[in-house]
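Here the protein sequences come in this chain order: A, B, C and D. One point on numbering: in our numbering, the residue at position 66 of the first sequence is 79, and numbering is uninterrupted. One point on numbering: in our numbering, the residue at position 74 of the second sequence is 84, and numbering is uninterrupted. One point on numbering: in our numbering, the residue at position 50 of the third sequence is 279, and numbering is uninterrupted. One point on numbering: in our numbering, the residue at position 77 of the fourth sequence is 457, and numbering is uninterrupted.
If you are wondering where the hints come from, they were derived from the structure by calculation, not from laboratory data. You may find that some hints are simply not true.
What the hints assert, rightly or not - DEER-style ranges, computed between Cβ atoms:
| hint | chain 1 | residue 1 | chain 2 | residue 2 | range |
| --- | --- | --- | --- | --- | --- |
| 1 | B | T76 | D | R455 | 42 to 52 Å |
| 2 | C | R254 | A | A91 | 25 to 35 Å |
| 3 | B | S12 | A | V35 | 19 to 29 Å |
| 4 | C | R254 | B | R62 | 35 to 45 Å |
| 5 | A | R98 | B | A90 | 29 to 39 Å |
| 6 | D | L390 | C | R285 | 40 to 50 Å |
| 7 | B | A97 | A | D111 | 24 to 34 Å |
| 8 | B | G100 | A | L86 | 36 to 46 Å |
| 9 | B | A97 | D | A383 | 47 to 57 Å |
| 10 | A | A18 | B | D36 | 16 to 26 Å |
| 11 | C | P289 | B | R62 | 37 to 47 Å |
| 12 | A | A32 | D | L390 | 44 to 54 Å |
Unchecked claim - To give an idea of the chain C side of the interface with chain A (calculated C-beta under 7 Å), a few residues:
| hint | residue |
| --- | --- |
| 13 | L235 |
| 14 | L239 |
| 15 | A247 |
| 16 | F281 |
| 17 | A286 |
| 18 | V287 |
| 19 | A307 |
For every residue, glycine included, the Cβ atom is placed at its ideal position computed from N, Cα and C.
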Amino acid sequence: MTEIASGALLIAGAFFYLAGTVGLLRFPDLYTRLHALAKVDNLGLGCIVVGLALQADSFAVALKLLLVWPLALVASAAIGYVIARRADALGIAPWRADHPAAPTEAASKRSDA
Amino acid sequence: MSSALLYAIAGVLLFAAGAAGVVMLDHLLRRVLAFNIMGSGACLVLVGLAQRSGIPDPVPQAMVLTGIVVAVAATGLALALIRRLHAQTGRVDGKGEEGRDKGETVAGLTLPVPQAVAGQGRDD
Amino acid sequence: MTGLELPIALFLLANLAASLWRVLRGPGDANRLLAALLFGSTGVGVLVLLAFAGERAVTPLLDVALTLALLAAITAIAFAQRAWRRATPAEGGDD
Amino acid sequence: MSAAFAFDLLLVTLLLLAALRALTTPRLGQSLLAFVVFGLLMALAWVRLDAPDIALAEAAVGAGLSGVLLFDAWRALCGEPADEAPTAERMR
Chain A
14 MTEIASGALL
24 IAGAFFYLAG
34 TVGLLRFPDL
44 YTRLHALAKV
54 DNLGLGCIVV
64 GLALQADSFA
74 VALKLLLVWP
84 LALVASAAIG
94 YVIARRADAL
104 GIAPWRADHP
114 AAPTEAASKR
124 SDA
Chain B
11 MSSALLYAIA
21 GVLLFAAGAA
31 GVVMLDHLLR
41 RVLAFNIMGS
51 GACLVLVGLA
61 QRSGIPDPVP
71 QAMVLTGIVV
81 AVAATGLALA
91 LIRRLHAQTG
101 RVDGKGEEGR
111 DKGETVAGLT
121 LPVPQAVAGQ
131 GRDD
Chain C
230 MTGLELPIAL
240 FLLANLAASL
250 WRVLRGPGDA
260 NRLLAALLFG
270 STGVGVLVLL
280 AFAGERAVTP
290 LLDVALTLAL
300 LAAITAIAFA
310 QRAWRRATPA
320 EGGDD
Chain D
381 MSAAFAFDLL
391 LVTLLLLAAL
401 RALTTPRLGQ
411 SLLAFVVFGL
421 LMALAWVRLD
431 APDIALAEAA
441 VGAGLSGVLL
451 FDAWRALCGE
461 PADEAPTAER
471 MR
């Protein structure tokens with residue numbers, strides 16, 4: 014039972030990692046890519062850590078394993094805040110769907126300049 | 011082919027790429043990067059070749075641990091020297107010898123040298 | 230171990246190979262920084278998986294994962310605060 | 381080919397790609413980011429070589445300390461925008 018739950022959580026975590034990578038590759042601008050990256054840190058790493066903590070030998074190992082996740086959460090939140098704030102201060106405008114130009118081209122040019 | 015040998019081969023390639031970078035690149039920050047990559051390649055060779063029978067050998071690992079710490083100390087020193095050079099002369103590339111004839115690119119660097127020589131001559 | 234850790238770690242490494250494309254081609258330095266951040270968090274996941282891939286759990290790898298999670302964030306914040314400046318006009322002309 | 385050997389092969393390929401990218405990009409900022417990525421991948425390589433203590437040092441040094449040092453030095457060297465790009469960030 015524990016094996017099945019652990020394997021399911023690992024596969025769910027791998028799915029969120031895949032979703033984050035696809036989002037990083039396909040999303041149009043910096044802010045949406047930041048959003049995809051937060052999914053990787055929160056859900057992907059969380060599912061994998063919980064799935065591995067289910068099969069830990071001792072309580073101390075499971076506790077140390079579960080300590081990785083809040084640290085990654087705090088780091089991810091801080092990074093997202095700092096990067097989004099700095100991008101806003103640099104004048105990078107968020108991508109909008111009703112922009113007249115082609116979305117990916119315009120967004121990549123705008124996040125570049 | 012065992013996986014440790016694979017890492018050793020990758021270390022050789024990294025060392026070659028880093029050595030070529032140290033020789034061929036001009037920007038000093040890039041030379042620091044190439045030097046670090048060269049050091050990482052040497053460490054990979056050291057640890058990868060020491061793992062022949064699958065059992066890790068602790069002695070090369072301790073050497074490599076020391077080497078990584080020394081490499082980051084050398085990086086810090088090199089960056090401090092580059093920043094000092096940039097503050098003194100405004101240059102960030104390593105072209106000293108071939109640019110010396112032209113005079114305009116190395117005017118800031120060649121200026122202190124005759125003063126030092128003159129100072130030594132005056133002491134004598 | 231369930232025998233699933235090493236294939237999933239391989240899968241995460243394949244994800245890294247895909248996001249290396251964003252490091253190579255992504256427009257602007259900031260998007261490359263995001264890919265480097267993804268490298269950091271995926272590296273933490275791979276480390277945690279490799280810690281449990283053997284017969285016995287290798288607990289020092291959890292320390293490595295903790296260090297990586299902390300210091301990748303510090304590098305990213307250093308980049309955003311110190312090195313990320315307004316893009317020069319030559320920025321659009323690369324690759 | 382086992383999963384472990386495929387992992388090693390992919391990791392070695394990524395290491396070489398990141399190192400080549402760090403050495404050959406025309407722009408310096410990309411080069412520094414590729415070097416940070418290279419440091420992260422080196423930490424994974426030490427883990428695969430059964431050396432978790434070296435992996436700990438490399439994760440602290442390669443991903444954290446030298447990245448911060450290099451970005452800070454880059455800012456100090458090329459901090460003045462608009463006139464440094466053609467000459468100072470030129471390769472070779």
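**Prompt:** Which of the stated hints cannot be reconciled with the structure, identified by number in ascending sequence?
**Reply:** Of the numbered hints given earlier, those the structure breaks are 1, 3, 6, 7, 10, 11, 12, 13, 14, 18, 19, listed in rising order.
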